[in-house]
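Assembling the complex is the task here: the two chains are given apart, and the hints tell you how they should meet.
Read off the chains here:
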Amino acid sequence: MIQSAEVKDRIREYVLEEFAKTKGIDQITDQEVLTKNGIIDSMGIFRLVAFLEETFNVRIGDEEITHDNLESVDAIERLVLAKSKK
Amino acid sequence: MAYVLQQLLSKSAKAYPDKPAVWARGKSITYRELDERSNQLAHLLHQRGVRKGDRVGLFFPKSVESIISMLGVLKAGGVYVPLDPQAPADRVGYIIGNCGIRILITKSEKRAELSADVQGLLEACVLVEGEGNGSDLIEWSRLAEFPASHAPQVTMIETDLAYILYTSGSTGRPKGVMLTHQNALTFVEWCAEEFQVRSEDRLSNHAPLHFDLSVFDVYNTLEAGATVYLITEDLALFPTSLANFIDTQKITIWYSVPSALMLLLLHGRLTVEKLKSLRVILFAGEVFPMKYLRQLAEVSQQSALYNLYGPTETNVCTYYKVERERLASMDKLPIGIACANTETFSVTPEGRLAEKGEAGELYVRGPAVTYGYWADSEKTHKMVVPNHFQENFEEKMYRTGDIVTVGEDGNYYFQGRRDSMIKSRGYRIELGEIETALLNHPGVREAVVLAVPDEIIGNRIRAVVAPHVAGSLGVLELQQFCASRVPKYMIPELVDLYDELPKTSTGKIDRVKLASEPVGAGRS
Numbered sequence: 017m018i019q020s021a022e023v024k025d026r027i028r029e030y031v032l033e034e035f036a037k038t039k040g041i042d043q044i045t046d047q048e049v050l051t052k053n054g055i056i057d058s059m060g061i062f063r064l065v066a067f068l069e070e071t072f073n074v075r076i077g078d079e080e081i082t083h084d085n086l087e088s089v090d091a092i093e094r095l096v097l098a099k100s101k102k
Numbered sequence: 006m007a008y009v010l011q012q013l014l015s016k017s018a019k020a021y022p023d024k025p026a027v028w029a030r031g032k033s034i035t036y037r038e039l040d041e042r043s044n045q046l047a048h049l050l051h052q053r054g055v056r057k058g059d060r061v062g063l064f065f066p067k068s069v070e071s072i073i074s075m076l077g078v079l080k081a082g083g084v085y086v087p088l089d090p091q092a093p094a095d096r097v098g099y100i101i102g103n104c105g106i107r108i109l110i111t112k113s114e115k116r117a118e119l120s121a122d123v124q125g126l127l128e129a130c131v132l133v134e135g136e137g138n139g140s141d142l143i144e145w146s147r148l149a150e151f152p153a154s155h156a157p158q159v160t161m162i163e164t165d166l167a168y169i170l171y172t173s174g175s176t177g178r179p180k181g182v183m184l185t186h187q188n189a190l191t192f193v194e195w196c197a198e199e200f201q202v203r204s205e206d207r208l209s210n211h212a213p214l215h216f217d218l219s220v221f222d223v224y225n226t227l228e229a230g231a232t233v234y235l236i237t238e239d240l241a242l243f244p245t246s247l248a249n250f251i252d253t254q255k256i257t258i259w260y261s262v263p264s265a266l267m268l269l270l271l272h273g274r275l276t277v278e279k280l281k282s283l284r285v286i287l288f289a290g291e292v293f294p295m296k297y298l299r300q301l302a303e304v305s306q307q308s309a310l311y312n313l314y315g316p317t318e319t320n321v322c323t324y325y326k327v328e329r330e331r332l333a334s335m336d337k338l339p340i341g342i343a344c345a346n347t348e349t350f351s352v353t354p355e356g357r358l359a360e361k362g363e364a365g366e367l368y369v370r371g372p373a374v375t376y377g378y379w380a381d382s383e384k385t386h387k388m389v390v391p392n393h394f395q396e397n398f399e400e401k402m403y404r405t406g407d408i409v410t411v412g413e414d415g416n417y418y419f420q421g422r423r424d425s426m427i428k429s430r431g432y433r434i435e436l437g438e439i440e441t442a443l444l445n446h447p448g449v450r451e452a453v454v455l456a457v458p459d460e461i462i463g464n465r466i467r468a469v470v471a472p473h474v475a476g477s478l479g480v481l482e483l484q485q486f487c488a489s490r491v492p493k494y495m496i497p498e499l500v501d502l503y504d505e506l507p508k509t510s511t512g513k514i515d516r517v518k519l520a521s522e523p524v525g526a527g528r529s
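Listed in order, the protein sequences are those of chains V and S.
Following this note's numbering, the residues of the first sequence are numbered contiguously, the last one being 102.
Following this note's numbering, the residues of the second sequence are numbered contiguously, the last one being 529.
Treat the hints loosely; a few may be bogus.
No farther apart than 27 Å at their CA atoms in a straight line, the calculated lysine-lysine pairs in the DSSO-like style are these [claimed, not checked]:
{"#": "1", "chain 1": "S", "residue 1": "K513", "chain 2": "S", "residue 2": "K387"}
{"#": "2", "chain 1": "V", "residue 1": "K37", "chain 2": "S", "residue 2": "K493"}
{"#": "3", "chain 1": "V", "residue 1": "K52", "chain 2": "S", "residue 2": "K112"}
{"#": "4", "chain 1": "S", "residue 1": "K428", "chain 2": "V", "residue 2": "K37"}
{"#": "5", "chain 1": "S", "residue 1": "K493", "chain 2": "V", "residue 2": "K52"}
{"#": "6", "chain 1": "S", "residue 1": "K401", "chain 2": "S", "residue 2": "K361"}
{"#": "7", "chain 1": "S", "residue 1": "K493", "chain 2": "V", "residue 2": "K24"}
{"#": "8", "chain 1": "V", "residue 1": "K52", "chain 2": "S", "residue 2": "K428"}
{"#": "9", "chain 1": "V", "residue 1": "K37", "chain 2": "S", "residue 2": "K112"}
{"#": "10", "chain 1": "V", "residue 1": "K52", "chain 2": "S", "residue 2": "K255"}
{"#": "11", "chain 1": "V", "residue 1": "K52", "chain 2": "S", "residue 2": "K32"}
{"#": "12", "chain 1": "S", "residue 1": "K24", "chain 2": "S", "residue 2": "K279"}
Honestly, the hints are just simulated from the structure, not real lab data.
Extracted from the complex, chain S is given alone in its bound form (with noise of 0.2 Å):
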């Protein structure tokens, strides 16, 4: 049995050698290629100083070296941390100094974007595109020099980091969400076990590899000996290509948010022919509007549908098999039951459990859960918080600050945050985040930022600014100014200005108000 998340690779590679398991543009590469360049990447780590727990950033395009990336990160004992390639500079920098990253898989035009300050940061920059120098760049064709057998000898446990992921952060910065490879792997065999995946199987990885969809993605098809097609940016955003590949790659698994699902249904010329090799279409992420599910399964009869639930610190924690024959009378799609090996519950704001109908908080406890944020113990304390339903011995459960409600069917229905996250694509955003980047513009006196829901990516951003002087702010500045600070999809799409931003009785923000007034009310 597997502990740690590279044994499943070096037990496909034994049974499959020769069997593709990585496709990306065009390119595969089999499981004894995957092994053997991820056992080089190791050993080069290893020679340049990495040790156990010690982080190495990820900042390219998805490709296939991306996959032997993340094993050879692991194998050197190493932690991964995906960075957004479409990122601002200033947030990467950020996340490679909290994290301490001193080793960067990268490229050289996405390392040139990075400030020199950042650059300093960083004793070796590993490219997998690009010119080295020998010293502190090291060309991917260096891997060659390094044996490719064997992997360094790192004695690892189960509950040693994996990987970090970085989410939206309420203060301002993201924050990051340490991931064991118990975590994972608690994860991966549920998902084995739930949709059978087998070495036949073909997996498409539509998710970024910063986003933990993708941990399904990658670690079940190695644990199965599958193929994971990998959906790069040429593909993704063009419905019509990317119906047609998942017919011509014979996709047997799909996994993605909702959006994506939407997008391929109002423009992709989905025909119940073109899915025919699908046996399992998974979404996570957001709320699947109910219209397009059953648009989905009309033409999608032959496969199983799931919805699966749960924020990164827990990865997936519910799931709903979708009753096909309940789909016409349903109003609202439930987020279901618990996975194996992991626990939930609804808890009042009283402290108490939940009865059938009433609203609570959804609480998780079991193997699949965060230890919290790297180096910040004061968010991790917030949501990683004692389990009080036992008085006995010590024990953690995650908070996941949604409210839940279970119906009659004893599924869990989503009904809504206890704070102000929303999510955009499936991406998770703290409009906290958003506001603290406008605040720091030396113009704006006031800002706040509010969802406006959308049907198809579930929100889209609006910010309302009042600037220190009548006039003095253009819209397009301010989401450049955001645009440096934020994640693309995260700079505000709308924005309206103020002279002065509405105050309830307290001299706090109207937000209530403000979010009911038309898009555009701004008196400036």
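Chain V on its own, in the form it takes in the complex (with noise of 0.2 Å):
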């Protein structure tokens, strides 16, 4: 089982060097709304979706890539934590 600490940690570091840092920004918080300000694009997005399926070993649908679910680094891994439960 995956700690929940360790999700986190995986997920927050990926967003800031893959999409927060070449744009210009060197930290975020767990809640900030990734979408808002332009961190992550629409290509972004599913850059992203493959990275937590490889990672987690999870299988995220197409109906489950929604701003709900990836609206932040919190929302992330509730999304990945509820999956790798099943």
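Here it is as structure tokens:
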């Protein structure tokens, strides 16, 4: 079973390294809305989903790729934990 | 007949006062409210010194207030300048200085991003969100103090400027394309006729407001007394949500860049059922790969599909209505024929009209064509040139820089660019602007920016950089440096570091060789 803290750390690190930093944003909070300031764009969403599927060995369907599920580090963690319990 | 854009609103506000005009994030306003709020904003702006021709910036995320602001500025006689809410402060600051914006409509959070120098250029900010101090920070709620029933008296004619849209500039700074009421109305009137926009229609607005695709969404809605649904980022990025939105809001007319439609096709779980209300689908801004267009045609059997073409300087100048029966055999989508009240011709490098099948640059003349670029007569003279095909009086035409051929079917076909401008997600990008940004980095000796073709988004951006001192620069550092100077869609996604860039025999950087080398081929 993956530990919650570890999941969150890996998501935060990925979002920060892959999206935020290249756009000049050095830190993000776990509640920050990632789509609001263009941290993640439309192609980025699918790179993020591919990362989650690979890293946490979960399958995320197109219908689960929604704002509610992916809007922040907190939301992404909830999605991953809910999926990995199944 | 309307000769200034705000007359489209007055007409519909009289005919359909209680109909929703604009919808965003679950909230909508009626035509009466849009008319009244924009009258009030016009009075407020007038009181703050906005006079005919003055530029007013709009710097906040897309919302109902965006449309009120556009109309309010026009009613005050002003010229609105939509600023990309996601652009770096440095670029927004440049535009504010470049076109002399003294009043900015914004929100506290966005205003705080601007440097003290730029804030110093502003006499006042109208805040759609956030707290004001009454003198130079004016809260939105203050609109209530102004007359709602009429706009201030301003004499305006169709050749007055309505808005300025900034696009990427090859010399390192964005350039402001000036558009008049007549420029916009020429296009709006053609669309109203061609697409038969009616008051029952429900239009989507996918493009950002600083992008000229939005001109159709907003003003053809007002022209017809229809309703426009603004697609905000919480919807735009999520294909299944967007597909459900089209279904539940019963959108009848859609307009976007092809890449947005391709993401819907790939991940939106589109079905014929979900798209049943769509009667017109318009796309523009980039090439639509035939493979995806065929898929779109399959799930939207009741929709008319149109490929629209035209740079911001002409809005749309040619169009092609997709002939479904030709789709299976077609290998390239035409950009079609000239719109009404617009003349286009293809000119060879020798300056004569191109023959059928022969490549030429597409030129455009007519009332849709821009005056040129704000405060940049040099660039204007390069692109808006005398029409040398008639010698008896002076007239201008616009050089698009796009190379086209005329096919056997009489349609224009896009072949490529004359210069190094590229498209990514429909955005115009001058590679030179990114090169200039990179060269401003003190550690960069040489930099070349190349386009890497991508099936979905058109092009990805790759930078090849040689530092002054080998090993002294990191990829992330360069991306961050660009992030403070260019919009997010222009930040190089791929960066290769070389000790030295390859040269041609004349000592120039060998772009052709670099483009042919695999990504990541740098030696350092």
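Hint check results:
For the proposed pair K513/S and K387/S, the alpha carbon gap of about 24 Å is at most 27 Å, so the pair holds. Using a Cα cut-off of 27 Å, the hinted pair K37/V and K493/S holds, with the two alpha carbons roughly 12 Å apart. Restraint check for K52/V and K112/S: the C-alpha separation of about 14 Å stays at or below 27 Å, so the hint holds. At roughly 24 Å between alpha-carbon atoms, K428/S and K37/V fall within 27 Å of each other, so this suggested pair holds.
The suggested pairing of K493/S with K52/V holds, with an alpha-carbon distance near 13 Å, which does not exceed 27 Å. Note on K401/S and K361/S: the hinted pairing holds, with a Cα-Cα distance of about 24 Å set against a maximum of 27 Å. Proposed proximity of K493/S and K24/V is supported: the alpha carbons are some 26 Å apart, at most 27 Å. Note on K52/V and K428/S: the hinted pairing holds, with a Cα-Cα distance of about 23 Å set against a maximum of 27 Å.
Between K37/V and K112/S the CA atoms are separated by roughly 25 Å; this keeps the pair inside 27 Å, and the hint holds. With a CA separation close to 26 Å, the supplied pair K52/V and K255/S stays within the 27 Å bound. Between K52/V and K32/S the CA atoms are separated by roughly 18 Å; this keeps the pair inside 27 Å, and the hint holds. At most 27 Å may separate the alpha-carbon atoms for a hinted pair to count; K24/S and K279/S meet this at roughly 25 Å.
Figure legend: structure checked against the earlier numbered hints; every hint is met.
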